[in-house]
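Engineer: Sequence:
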Amino acid sequence: GALYEGEFRNGEKVGKGKFVWPNGSCYEGEFAADAMHGEGVFKWSDGRMYSGLWHRNNMGPEGKMTWPDGRIYEGALRSGVSHGHGSLQWPDGRAYTGQWVDGRQHGEG
Numbered sequence: 018g019a020l021y022e023g024e025f026r027n028g029e030k031v032g033k034g035k036f037v038w039p040n041g042s043c044y045e046g047e048f049a050a051d052a053m054h055g056e057g058v059f060k061w062s063d064g065r066m067y068s069g070l071w072h073r074n075n076m077g078p079e080g081k082m083t084w085p086d087g088r089i090y091e092g093a094l095r096s097g098v099s100h101g102h103g104s105l106q107w108p109d110g111r112a113y114t115g116q117w118v119d120g121r122q123h124g125e126g
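The numbering of the sequence shown is my numbering, which starts it at 18 and goes up by one.
It is worth saying that the hints were derived from the structure and are not from the lab.
Being a predicted model, the structure only gives us computed values, none of them experimental.
It cannot be assumed that every hint is accurate.
[To be verified] Cross-link-like lysine to aspartate or glutamate pairs, in silico, EDC-like; alpha carbons within 20 Å at most:
hint, residue 1, residue 2
1, Lys30, Asp63
2, Lys81, Glu56
3, Lys35, Glu47
4, Lys35, Asp51
5, Lys35, Asp63
[Said to hold, decoys possible] FRET-style restraints, in silico, Cβ to Cβ:
hint, residue 1, residue 2, range
6, Gly115, Asn27, 38 to 48 Å
7, Gly124, Lys35, 12 to 22 Å
8, Gln122, Gly55, 20 to 30 Å
9, Asp63, Ala93, 28 to 38 Å
10, Val37, Arg111, 33 to 43 Å
11, Trp84, Gly115, 35 to 45 Å
12, Val37, Val118, 25 to 35 Å
13, Asn27, Pro108, 25 to 35 Å
14, Glu22, Met66, 35 to 45 Å
The beta-carbon is built from N, C-alpha and C at its ideal position, and this holds for glycine as well.
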């Protein structure tokens, strides 16, 4: 099952803690009102990793996402997807820096 190590208040996860899911994914960072909220790092069991800010269990508004294939996104996020100003680098050296809307490049980079 799932495992949580950290602070509790009134039966809710608060403050600093670590949560591990049965599939091996884990979050280590700040909690508020039983949610990932504040600074934290999430590592998926498939090798993806996000480090940055969290707002009520959603990645963002600012952070860094890395993928096992070498892609790196740094910038603004909304509801867990790139949205606003950000930069994506591919392992072959290509890069896009500019605006994003709902996870897609938007405009000129």
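Engineer: Now look at each hint and say whether the structure bears it out.
Structural biologist: Against the structure, the hints come out as follows:
Taking the CA atoms of lysine 30 and aspartate 63, the gap is near 25 Å; set against the 20 Å cutoff, the hint is violated. Simply put, lysine 81 and glutamate 56 have alpha-carbon atoms about 12 Å apart, close enough for the 20 Å limit, and the pair holds. Between the alpha carbons of lysine 35 and glutamate 47 the distance comes to roughly 9 Å, so the proposed pair stays at or under 20 Å and holds. Only pairs whose Cα atoms come within 20 Å are accepted, and lysine 35 paired with aspartate 51 is accepted, the gap being roughly 12 Å.
Distance hint between lysine 35 and aspartate 63 is fulfilled; the C-alpha atoms sit about 18 Å from each other, no more than 20 Å. Between glycine 115 and asparagine 27 the CB atoms are about 44 Å apart, so this pair conforms to the stated range of 38 to 48 Å. For the hinted restraint 12 to 22 Å between glycine 124 and lysine 35, the CB-CB distance of approximately 39 Å leaves it violated. Distance hint for glutamine 122 and glycine 55: a CB-CB separation of about 29 Å, consistent with the stated range 20 to 30 Å.
Distance hint check for aspartate 63 and alanine 93: the Cβ-Cβ separation is about 24 Å, which falls outside the suggested range of 28 to 38 Å. For the pair valine 37 and arginine 111, the beta carbons lie near 35 Å from each other, so the given range of 33 to 43 Å is met. Between tryptophan 84 and glycine 115 the beta carbon distance is about 19 Å. The supplied range of 35 to 45 Å is therefore violated. As the Cβ distance of valine 37 to valine 118 is approximately 34 Å, the hint placing it in 25 to 35 Å holds.
The hint said 25 to 35 Å for the Cβ distance between asparagine 27 and proline 108, and at roughly 46 Å that hint is violated. Under the hint 35 to 45 Å, the C-beta atoms of glutamate 22 and methionine 66, about 19 Å apart, miss the expected range.
In the structure shown, a violation is registered for the earlier hints numbered 1, 7, 9, 11, 13, 14, in ascending order.
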